[in-house]
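Protein chains in written order, with this note's numbering: chain U, 326 to 437; chain Z, 1407 to 1518.
I should point out that these hints are in silico values taken from the structure, not numbers from a laboratory.
Any given hint could turn out to be false.
Stated by the list, open to error - Derived lysine-lysine pairs resembling DSS-like cross-links, with alpha carbons at most 27 angstroms apart:
| id | chain 1 | residue 1 | chain 2 | residue 2 |
| --- | --- | --- | --- | --- |
| 1 | U | K361 | Z | K1428 |
| 2 | U | K365 | Z | K1477 |
| 3 | Z | K1477 | U | K369 |
| 4 | U | K396 | Z | K1428 |
| 5 | Z | K1448 | U | K369 |
| 6 | Z | K1464 | U | K361 |
| 7 | U | K377 | U | K344 |
| 8 | U | K392 | Z | K1428 |
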Amino acid sequence: DTAVSQTPKYLVTQMGNDKSIKCEQNLGHDTMYWYKQDSKKFLKIMFSYNNKELIINETVPNRFSPKSPDKAHLNLHINSLELGDSAVYFCASSQGPNYGYTFGSGTRLTVV
Amino acid sequence: GENVEQHPSTLSVQEGDSAVIKCTYSDSASNYFPWYKQELGKRPQLIIDIRSNVGEKKDQRIAVTLNKTAKHFSLHITETQPEDSAVYFCAASRTGANNLFFGTGTRLTVIP
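Please construct the entire structure, taking both the sequences and the accompanying hints into account.
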């Protein structure tokens, strides 16, 4: 029974397309996140969502939009995909920002 | 915001030797310091964490030390084994923060 599940695991798409990544957690956590991991393995925060409050990292292009229908789900929608969006995207959840994260298995996005 | 620096970026050790990875942080209010292990193609997984009210924590072959005055913390792995080979990330956070701030990662290779 996976604690944090992400779909799809792999996503290959053309430039200009719109795509979504889904994330669900069954841990009862109040806080969820999206991180981007680039080719150098650096983990960069994109969004955090804590008790219905969405915190947006201002360095993230507005082509990226998170949506949370309830506290167990935090999906990521990306418009007008660009080559530079190619990366692994990780969803995570925790009891709060000051607690350990449980990560999803990641979505490897390749834009061609 | 918090800035976490991690060294070295790569580390090779012989099986059975010890490995030490060091991190420094900038925000003196940070009080939570987790370490994550990411095996190739897998998700980051929490391996140990420490809060600022203690100076050291051990769990079998791994230990973390914290020096609040100097604002640095370290991961120590003793009797390394090939399965310890992975990328290790340190992170820091404080009460009231929106998310963890990750270091840039250390690729540890244990040579049999």
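In rising order, the numbers of the hints this structure does not comply with: Numbers 4, 6, 8, in rising order.
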